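**Student:** Could you put the whole structure together from the sequences, leaning on the hints where they help?
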Amino acid sequence: MTQQGVRWSAEQVLALAPDAASRKAGGKLGAAGPWSEAGSTEEGTVWGLCKGSGSKPYQTVVDIADASGPAYKCSCPSRKFPCKHALGLLLLWAGGDGAVPQGQPPDWAEEWMEGRKKRAEQKRAEGGSGSSSGSADPEAARRRAERRAEKVTAGATELEQRLADLLRGGLAGAEQAGYGLWEETAARMVDAQASGLAARVRELGAIPSSGPGWPVRLLEECALLHLLDQGWLHRERLPEELAATVRSRIGLPASPEGPPIRDHWLVLAQYDTADTRLTTRRIWLHGADSTHTALLLSYGAAGRAPELALPVGLTLEAEVSPYPGAGQLRASLGERFAAPAPTAIRPPGLTTAQAAARYGEALRDDPWLDSVPVTLERVIPTPDGESWQLADADADTALPLTPSARSRPGLWKLVALSGGGPVKVFGECGHRGFTPLAAWPQGPGEAVQLC
Amino acid sequence: MNRTPDAPAWEELVTSALLGTDRRTPPGGDPAREAPVALLDAAAVETVRRRAGLRPARAADRPEPAPEDARPALPSAAARRLALLLADRAGGTGGGRRGTAPDLMELLPQWLTTANAHGYAAPPQMLPALLDAARGRTDLRPAALRFAGPRAVWLARLNPDWRFALRATPGGGTALPGPEDQERVQRLWQEGLFAERVALLAAIRAREPAAARELLATTWATERAEDRLMFLDSLRTGLGPSDEPFLEQALADRSRNVRATAAELLSALPGSALAGRMAVRAGACVAVDRTQDTPTITVEAPHECDPSMERDGVVPKAPAGRGERSWWLGQLVEAAPLGTWPARLGGRTPAEIVALPVADDWQAELHAAWCRAAVRQRDAGWARALLGTPSAPEAGGPGAVSLAERAKLLGTLDAAERAEWVAGFIARHGLSEAFQLLGVCAVPWAAPLGRAVVDALNIARDAGSYPWSFSGVMGLAERCLDPSEASRLDGLLAVPDESEDASPGAGGYWAEAFQRLVTTLRLRAAMIEELGSAQVNG
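Those protein sequences? They're chains A and B, same order as listed.
Counted the way the numbering used here counts, the first sequence spans residues 47 to 497.
Counted the way the numbering used here counts, the second sequence spans residues 9 to 546.
Take these hints with a grain of salt, some might be off.
Only part of the chain B face toward chain A is listed, based on derived beta-carbon distances under 10 Å [unchecked claim]: (1) T108; (2) A137; (3) A141; (4) L237.
Just so you know, the hints here were simulated from the structure itself, not pulled from any lab data.
None of these values were measured; they are calculated from a predicted model.
Every residue, glycine too, gets a C-beta built ideally from N, C-alpha and C.
**Tutor:** This is how it looks when you write it as structure tokens:
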């Protein structure tokens, strides 16, 4: 399908980088110097020859028109994907300074494109004719699931014992215990194949040193962990949707189910969080027709960027399949029907009171929710002593920003965008406050990424 | 508050949890369950209830809205370019090789100058990055803050990291009263802080020079000496003949520095009485001796520095190593209006005067003083004469003795003449001494100057040296060559065959340097195109 290619921004290109070294190396190649015979088509193919250490330059092609995401081909020996040459070529093209003029692809680029089309057609044919392959042995799968459930039950039971011991002796003792106690307990939860429990237990270890008011926070988290344990141990008595939520929170794998939702999805925000093991990328989508909000998750090894990257501020026509569970917003991205396109769509907004109520209502479905996605209408970033809040322009209420949001550069982008006037802000609203992720100016204008 | 008897307060639950159920029985627990489990049950219910019941806070005082910015919005392509320029912040070139990629950070000043000339407003979401860039580079601040506009000053009041923006912007703290608001002007002048008063005086001086001087005169007698000096410096802007009476009176000030500054300002007014007195004194020291075969300038330096000379700002004590009489002579000639010399020296033009031989080795002293006078009085005719022909051999050249002097003299000429002179100099003398002279030429360079530089670089390459010997000039060329020259440079991108006596690998390094030059020129052309097709002088 032919579609007007949308020129990407440098941020969108750099979000594709597999790691920081590639981002830096690609940035250096994002100038016309090392490139020759660079060109592009209206459909969204970009190619160029990049001078390297050998006598022959590297042949680099990128197809950004593919609805399932960009595809790369380069003759360099790098095992990274995309390589620095593909990143540099995209940066050169994103710069828009005429270094990548429109033209006819050279033979070597055309061959690769033709090959990709053929392989895509074959895949579609095979997918259509082949019957859906289920589990080879449903009985064995059921037994494996039962064994895992037994392990989780043993882990949850042990965790209950440890929580009771903690409360019997008092939280004051936790301050001296340090990380060691919790690390050991978390390791046992990993052994029990309950990664969700392990993650929550690991977080308990950080609370005693998190500053004033830590006993309140520690009791809250212990109580919710206890609630999750009890939810698992009595899951047969729960409504099906809530039981699915409990399974998800425990860390059991799930598959998207139900009919996929086809919509024009506005990419609201994309940001990464990292710990020593994993980089997690969260992408928030808003359905223009369904008004559904969906969260895509993508994972990468520590220090590497996750594979999925979507251009923030653009709209993507695609199918999205929700995961099971009450109050769950997590979804899986399915078939994409067109390249991302610019849009004037903005999600509808709420007042701060409505946003707080939204979080309260969501806790009925999922008591473990830290926050819900919310778009605030006509709010003004306002300093409040040492912290900041988003105050309704037309009312006398405000949501405080989360402590972590105050130290991020996005706060100052938001304040500058507002200039003391009302703006529309998308973010996550929960018991710790509001974390802004994207904002729109009062008048016309594109979304401004804040994370 | 009202609560059911069996609902324990959250505070009590926390206290029990902190101490432990072994020491303190939790309130309202279910007797059938173990105490810690019952406590956890109750805490879970309370946690979810508290979170579900969260309500928004009371709104704090909202900030005053930022002032309106009426300038047109930046074109979207230019906004993308600005984001790239600001993102390339960590660009630290390491080692001798600079590769072929342009140095984006070096192009930001030029981009800002062009955007300011078009009068665009900055995208508000880019203000934090702009302020951070200006914070790290003081040379960027004037252009960055002008482009950032009133919202940046508004933003700087909220973030201590950007406090410099308040100091750099006149009236950054508070808006200055307009000159028509006489009452506020008087109150601020009488009661304001020193920095506020300096800003006020400078603002009024820029609009109504006479009004600023009159305001200063109202409190002159009671100002401290250091403050008098600062205020006097403000009068440098918009200096005119009507300032003479005030400055003449300042010649009798108690402070030596104030007296010296007043004398300096008066000497920049050719019609002032002080300039007239200096002309008489200097004229008495320099004459044309017609008795020689060739007319020759003779110099009779003053034998003393009398009190009236001292009152007019002549410093009596010479620096160490300087003769007193030549020291006094230099000051007199420097302060005398240049327009008086033709009549004094036989009706000759400045060029003819400069060409005259000077007796007894006084030429260096006399010409140096004339150079300083030409710079101070911004006299292009004299500067032209003292510079001489660019192709003249340096050793035998008349007038200017050092490159620094020539650079200053060039500053008094118009842009076209400057470029022409420097182009001629480079064509004759090459690049080794050109850096300082190139720095005073207008950007972008005129075509003949650009060609002279490129030709000289090409000659340097053919000579077989390494490009980093000329990194200063190359850097200037990247930033100052007219981007339209890029197509003429394509022939330089190939790696030439190395001659036997060339430095090893030099050809490849030169090709790399030229590639970087061409890439930068194309990038600058794109920047100008994105900001608007009209070419503006940077």
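**Student:** Confirm or reject each hint.
**Tutor:** Evaluated hints:
Restraint check, T108 (chain B) versus chain A: the minimum CB separation of about 3 Å is within 10 Å; hint holds. Because the beta carbon of A137 (chain B) sits about 8 Å from the nearest beta carbon in chain A, less than 10 Å, this interface hint is met. Taken as an interface hint, A141 (chain B) does not check out: its beta carbon lies about 13 Å from the nearest beta carbon of chain A, beyond 10 Å. Given the 10 Å rule on beta carbons, the hint for L237 (chain B) is violated: about 39 Å separates it from the nearest Cβ of chain A.
Going through the hint list in order, the structure does not satisfy hints 3, 4.
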